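This is what each chain is made of:
Protein chains: 2
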Amino acid sequence: MTPERRQRLEAVLSKRQNDLTVVLENVADPHNISAAMRSCDAVGVQEIYVLNTKIPRHKKWGAKSSSSAAKWLTIHQFTDAAACFEAIRKKYDRIFTTHLESNAVTLYTLNLTQKVALVFGNEHAGVSDEVRALADGNFIIPQVGMIRSLNISVACAVCLYEAFRQKQQAGNYDTQKLSMQERNLLWEQWAQENTESSQ
Amino acid sequence: MTPERRQRLEAVLSKRQNDLTVVLENVADPHNISAAMRSCDAVGVQEIYVLNTKIPRHKKWGAKSSSSAAKWLTIHQFTDAAACFEAIRKKYDRIFTTHLESNAVTLYTLNLTQKVALVFGNEHAGVSDEVRALADGNFIIPQVGMIRSLNISVACAVCLYEAFRQKQQAGNYDTQKLSMQERNLLWEQWAQENTESSQ
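Chains as they are written, first to last, in my numbering: chain V, 29 to 227; chain Y, 29 to 227.
Listing some non-contacts, in silico: residues in chain V with all C-beta distances to chain Y over 10 Å:
id, residue
1, Asp-121
2, Arg-122
3, Glu-129
Stretches of chain Y that chain V covers, calculated by requiring three or more beta carbons in the stretch to come under 8 Å of a beta carbon on chain V:
id, stretch
4, 165-174
5, 187-199
Just so you know, these hints were derived from the structure itself, not from any lab. Quick caveat: nothing in here was measured; it's all calculated off a predicted structure. Beta carbons are placed, not taken as given, at the ideal position from N, Cα and C, and that holds for glycine.
With the rest of the complex left out, here is chain V (with noise of 0.2 Å):
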């Protein structure tokens, strides 16, 4: 590895935030998955929840392309909401879905400084009933248009840059968030992920 890859890799280590997470349950188009992965990265999400209940696991995320985000990210795959969401609550505070309904908060009033998993649903039938239940709230992004949907991955990316904006001011940016240990299991994956680009 280089000076100036390794120097690289730190930099983007030293911003991996360990307090906020995605979780796709049921997005069906991989475009969709690796727009939300990429955002994730651009922000310092490292790690991303793919629940498929409905649908089949997902074969590839695109990884072998060298412009993925997925190989910097740490995935978890679930099929069982149930265990997705025990695996969730141990390491977040709080978790939220994007459903549209009358008692949703909008984006804007969220505390995104807590350690919180937001939740995106299907393309078409959104977040099912069953994570709804296993969640602490509604939030929608505003809308005052004749379109009354966004697509999945501008959704994803307004949330994290708002959790971002929010994250920065509170200082989340200024001093590294993982812990070592959590530091060196990346370092060794990115690390062999370097290699494996390169060959």
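Position chain Y relative to chain V; hints supplied.
Then chain Y, alone, in the frame of chain V:
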């Protein structure tokens, strides 16, 4: 037109903003353009400038599709950058480009409650030197990840929703911003679209 439909159109018109616009310079992929339009519609941006100096005029915006935002927007097409920016200058006080360079400020330091135009460039080449020279400054969407670029449609949505957040805080959605003349003109166009859609 049903009373419900009339009410819906009027509600959307009452949120339209006449002090924020998006300029797409040589954005080649029609999906990126239609996604940008959908985000514009979602936050109440009424007009969009499509400037194609290096690529052919786009044939369609997916305007036939009922889910297309294009029919609810005012689309200005230009093939000459100087003419395009002359038109923009008549309505907007500040023009900012998204261009990666060291003197760029970040999105979150921009005042997006002023009369402002945001310029997004070609997927590969970015905003051209010609257009940068016609603008007031550059900004970047901050990123802390391994992949160092965002898709245009994602970048556009993140910027528009940051504008939405600022404008909502400033009360920009509380009272109608369009002049009666602007409103009436749009009402006529939309009523026509509505008739065509329902046929």
